[in-house]
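Student: Residues per chain, in single letters:
Protein chains: 4
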Amino acid sequence: MESTPTKQKAIFSASLLLFAERGFDATTMPMIAENAKVGAGTIYRYFKNKESLVNELFQQHVNEFLQCIESGLANERDGYRDGFHHIFEGMVTFTKNHPRALGFIKTHSQGAFLTEESRLAYQKLVEFVCTFFREGQKQGIIRNLPENALIAILFGSFMEVYEMIENDYLSLTDELLAGVEESLWAALSRQS
Amino acid sequence: MESTPTKQKAIFSASLLLFAERGFDATTMPMIAENAKVGAGTIYRYFKNKESLVNELFQQHVNEFLQCIESGLANERDGYRDGFHHIFEGMVTFTKNHPRALGFIKTHSQGAFLTEESRLAYQKLVEFVCTFFREGQKQGIIRNLPENALIAILFGSFMEVYEMIENDYLSLTDELLAGVEESLWAALSRQS
Amino acid sequence: MESTPTKQKAIFSASLLLFAERGFDATTMPMIAENAKVGAGTIYRYFKNKESLVNELFQQHVNEFLQCIESGLANERDGYRDGFHHIFEGMVTFTKNHPRALGFIKTHSQGAFLTEESRLAYQKLVEFVCTFFREGQKQGIIRNLPENALIAILFGSFMEVYEMIENDYLSLTDELLAGVEESLWAALSRQS
Amino acid sequence: MESTPTKQKAIFSASLLLFAERGFDATTMPMIAENAKVGAGTIYRYFKNKESLVNELFQQHVNEFLQCIESGLANERDGYRDGFHHIFEGMVTFTKNHPRALGFIKTHSQGAFLTEESRLAYQKLVEFVCTFFREGQKQGIIRNLPENALIAILFGSFMEVYEMIENDYLSLTDELLAGVEESLWAALSRQS
DNA sequence: GATGAATGAGACTTCATTCAT
DNA sequence: GATGAATGAAGTCTCATTCAT
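Residue numbers (the working numbering), protein chains in the order written: chain W, 1 to 192; chain Y, 1001 to 1192; chain G, 2001 to 2192; chain D, 3001 to 3192.
Since the hints were made in silico from the structure, they are not lab data.
Heads up, the beta-carbon is just placed ideally off N, CA and C, and yes, glycines get one too.
Wrong hints could be hidden among the right ones.
[As the list claims (entries may be wrong)] To spell it out: a stretch of chain W is covered by chain Y in this simulated footprint if at least three of its residues, at any positions, have a beta carbon under 8 Å from a beta carbon of chain Y; those stretches are:
#, segment
1, 135-148
2, 174-188
[Unchecked claim] Computed footprint of chain G on chain D, listed as stretches where at least three residues anywhere in the stretch have a Cβ under 8 Å from a Cβ of chain G:
#, segment
3, 3137-3148
4, 3160-3166
Let's have the full structure, built from the sequences with the hints guiding it.
Tutor: See the structure below:
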């Protein structure tokens, strides 16, 4: 019934936590093996090598992040602001379903070990949000900043807030989320 | 007269660039030595070891970042919004005077190799801006979000924008800076 | 009726080819399993371990090589030169019946993994030919060189020629074989 | 004065002995380091990796073997048979100056780790002797066998004899050498 | 009997650090 | 003070072998 072997999942989970916590280079394969409660050699049955592991992990989570955002937007929406709300909600959903994953993505998205495929996956994610912004700019709703600046503001803020939550510098409440969403909307939208 | 020997400076500069570009773990001491045009052993005359080097580098730049912000605020100011402008300008000044330094700070601020002292230096920087925010909240100018959320939004956005610039995804113009400042002010301030 | 199970034979054949081609150390047990179309664990039903496998393989083929030579000589013979012809023919027969086997023997006869028993089997082979040479020396037909030198010349040449054939640097023809036999006879026999 | 560092020489010597004795795969880098009385890491200051080491070792000795043969032939010679004598003498000289080297060459000349350059060096050696044989065939002195067969007989015999000497199955005397030379000449030359 | 997923010992290799020059 | 050759601890990865199915 299980399509993905149990051990592979354990390796994936352990990797995510360790990479997010310590970074790719500072995480050793024996560390991963121990945390996944698996022999060191077992990792290599499921992943060609350490780089392969980090790339698969990265792509899977970036893709799922994108899915969360997309499926948020796919819902019927009530105006552009509501579309933004869905995107924001998608981002929140992702962070809730995949603890530490956003921290992992953030600290590894510039890594030299990323393959072209991984970079493309990330690029696709960025592109999707850019498209949404372009539409808003056409409608005169979104600020007239370069798309990359808008992305940097949205993702930079969100990821940093998220990291504060994971590190217990902030506690995750609906109130906080609503406040951050409002703040980011103000950052991105033209002020009336 | 020269308090800091020439070689030490060379090591510092080379380290900054390499750490910013490749990260702490992926940067080797021989690499630093070569880029600093210094023998590998010479580094150990000036720094106890690699961790010591990265910590001194981190602290120095965090402190200088703080100085830039503080000295921005120290100027006579014309209302709270103008104070924010000075802080923003201080941040910009820092990035201009210390290329790659903000990238280095961003990617190393969670490193396991950071000493308590380094963490405190970073904390002090955060604290300073928090104080500024608290004041603004008292005056009803700044949003009623947790201070850490405000910091996350300000620093997260700024660092990400800055990284885009360094990686040539954005070009540094006064217009861009003005736009980003305006956006961040909107994110942080209560909307009238 | 079948005394040797089919799978064991498959393992033997696959091992021979791989050991001959890549050598003992560069051949992995999974490789053997795959080529023998057998599970990796199955090999251990028939052989205690990798060393055991290579030793049994070595002994079997050395013994069979010896048999080919012996049975060549066993035929009624027409003088000493004709005896040599039978020996040579036996060697040729062996190489024809057991492709790659001589290459395997040649490249593994000095291996550190060989047991005393394997070395003795090889020694027995050498001894048999030595005895034949001693007889020839008594009759004044074979050169007055140390037996080991005679063996080295005969086996060294033959194995090297054989390897050239297997690697397609030489093509196996009756003419070639006749020529080589004549050459080796000249090398070993006293010139009239 | 010393152009090649002492340690590199020690590594070379230790490698040669170990590779000759146990083969490439069965020889570990720590083994080499220990025998060379050098730290394991030191080997990598002089050789890129294990394959690089074995290839440099192989090429150097093959080239020197060729030089010995060539410089033997370069001497003024008194007829074709005398030329063969010089070649044989060159081979003997090489084995005397480079103990174990011929055994190393013999057991590694088919290795999968050899680079194209190494194969070419070996090919050049073979080619040189082939040319000598071709000349002899034109003069009707050398047997009408394929060149590769002649090479196989000469090298195969010589290397095997040599290995017997190194393993103390034969003792190296002028008498033995004279006898082997005479035997090999008989193997290669047309009988009058 | 047969299998192949799992293991961990041990191989190759890198690199922070030392120290003789 | 400055150097860089030398080191060995530690990391990545392979593969002979076992054992639950």
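Student: Hint by hint, say whether it matches the structure.
Tutor: Checked hints:
Counting residues of the segment 135-148 of chain W whose C-beta sits closer than 8 Å to any C-beta of chain Y gives 5, which meets the bar of three, so the coverage hint holds. Here's how the segment 174-188 of chain W fares: 9 of its residues keep a CB closer than 8 Å to some CB of chain Y, so the rule of at least three is met and the hint holds. Figure legend: the segment 3137-3148 of chain D, annotated as covered by chain G; annotation consistent (5 residues with Cβ-Cβ distances under 8 Å, at least 3 required). Coverage of the segment 3160-3166 of chain D by chain G holds [criterion: at least 3 residues with CB-CB distance below 8 Å; count 4].
The structure meets every hint from the earlier list without exception.
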